[in-house]
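Student: These protein sequence lines map, in sequence, to chains A and B. Counting from 1 along the first sequence, just add 15 to a position and that's the residue number in the numbering used here. Counting from 1 along the second sequence, just add 473 to a position and that's the residue number in the numbering used here.
Simulated from the structure, these hints should not be mistaken for lab results. Heads up, the beta-carbon is just placed ideally off N, CA and C, and yes, glycines get one too. Mixed in with the good hints there might be a few duds.
[As the list claims (entries may be wrong)] Chain B side only, calculated, beta carbon under 7 Å to chain A, not exhaustive:
1) L569
2) L576
3) G580
4) I585
5) T589
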Amino acid sequence: MTAAQRHVLQAALVLVAVYVTAIAPNWLDLFTLMQVTLFAAMAVLSLSLAFIWGYGGILSFGQTAFFGLGAYVYAVAAINFGDSTNAILLAIVLPALFAAALGYFVFYGRISDVYLGVITLTVTLILFNVVNSTAGDEYAIGSARLGGFNGIPAVPTFNMPYDPAAILSPEQSWYVTAGVLIGVYVLLRVVLASPFGRVAVAVRENEVRASLLGYDPRLVKLLVFVFGGAIAGLAGALYVNWGAFVGPTIFSLSLSAEIIIWITIGGLGTLVGPIVGCFLIQYLNSQIGSQQAFNSYLVLGVILVAFVLLLPKGLVPTARELALKIARFASERRRPTPPAAAPQTEGAE
Amino acid sequence: MEIAIILALDVLNGASALFLLCLGLAIIFGMMRIINLAHGEFVMLGAYATVVSANAGLNIWVAMLVVAPLFTGLVGLVVERCLIRFLYGRLVDSMLATWGLSLTLIGVVTTIFGNTINGVPTPLGGFSIGAYRSSWYTIFLFAMACVMCALVYVVLRRTRFGLIARAVMQNPGMAAALGVNPARIYMATFTLGAAVTGLAGGLLAPVSGITPVMGGAFVAKCFITVVGGGAAILSGTLSAAGLFGFVNQLGAYFTTPVYGEVILFLSAIILIRLLPQGISGRFFKGTL
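Construct all of the structure, not just a fragment, from the sequences and the given hints.
Tutor: Below you can see the structure in the form of structure tokens.
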């Protein structure tokens, strides 16, 4: 597939997504629509890790740190301001700043893969422990009580920009959440097509070679990490908007694990794959939740092990290879002389 | 004075528990470069093996010191044959697969035993120092840590298996050329690491609540200790467990247990930033 064909395919995908978003409230009942809204909010989170892991080569085991931070920042700010607009902005900016501080520490210390995973995991656990121990009236920011293991209930949900009286209906929340998902996808596509995105992929492929070409891998990785942190924070705000509640379990290990499972199943190094994986696994999870025969951990664990052993590339890249193979086979049968092989570019959809 | 003794005992307790918990992970990670994210669940399996067999009427010491390591070692053997052996040299995949394994183990144990908290009474009584009381079990844990340390040293240093294992650790290709089968050594090492981890779980069963998800509390702490310790199995784990146990208990004493853990994690992050090769990479180069 040439670059132009890829762009056409991606644009078509976005148009279909916009169309589906627009008609979804007509087809789904309210309960299902709210379920799907949650899935879309989580898909934004999965995109944030898909970007930094799949394209930046940074395996962060603690992406929930930024997600949870965004959720808590949104909750505290929305309670204090009584208006969600600035709260959403803060939920993007503060996790990004936190990611910048952590990333500076990690990347400028030249800490490598394994250690990075351990450190991000640890940071998530620290946040979990700290937030979990904030029960009591003395732990309050402005008029928002942090509430420890009970979390913060009754968080104001999204309203029209700077109009606290106009609270969004569930349908409008769906439009916002799905719109953000599509917007983040398009934004990431644009970033990846830009020179910066190319450099990020180059650093992922070979750090030494990239630095010999004059790029600073530390800075590139830091920027990728901060960008991913900002998106995860935004996902946190969307998540709180869905449930009007945030508790410390948002920092839990099981959620961190789940994000990684979404990406492994959907396909690392793609953007569509993690969204597909996220929707699939969450759907599966909600189905498991409504029966008693199987424990959800058991099912998730077996799925992850099976994918690592049998289909390590994930669903979307495998499907793509299959489609390309079929297309090539068909075109060879039509023309006896095989065409010159088109160069395959990594990271294509 | 009395408070100082109690505090010292606390530090000793924390450090020995941490050392016991980390030793199995250090053996697996140090020798095979496999990141075992199911480590916490191996601890959990050891604890469950102890509780179940003790509640079935078995002597608590036998349950702790024999059943727990044997059972977990057996699980480790099965896991190595069915899963880990396909993943050597694929660091990230091994992390993902062991994470999947940890979820699976939690799921299996929850399905069998339910989500409730189990426990066994702590054996051995307590003794008093002035106005404070402490438990003999603390001393026993410290003794066990010393025994395990000596045992691992002797096995790696004085036995034929230890010699071959160290050779494989240094250069698997060369060892294979000299007629050693690295696959078998890896299998034995993983089983050994799992058994040592199960023993730690058994030893900690009387002093902690046993739930299917208890492993999550250990895995990050163990990782950060092993990574902070560096490549050397014994000296690295010993020094890091000593340091972090000290920091943790002291922090817990002056603030709360929760912040003690936070202080442990923060100091570990700073340590890794300052010594990316770990403590043993800087100070005990080339030791065991």
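Student: Now tell me if each hint is right for this structure.
Tutor: Structure-based check of all given hints:
no. : hint : result
1   : L569 : holds, 5 Å
2   : L576 : holds, 3 Å
3   : G580 : holds, 3 Å
4   : I585 : violated, 10 Å
5   : T589 : violated, 14 Å
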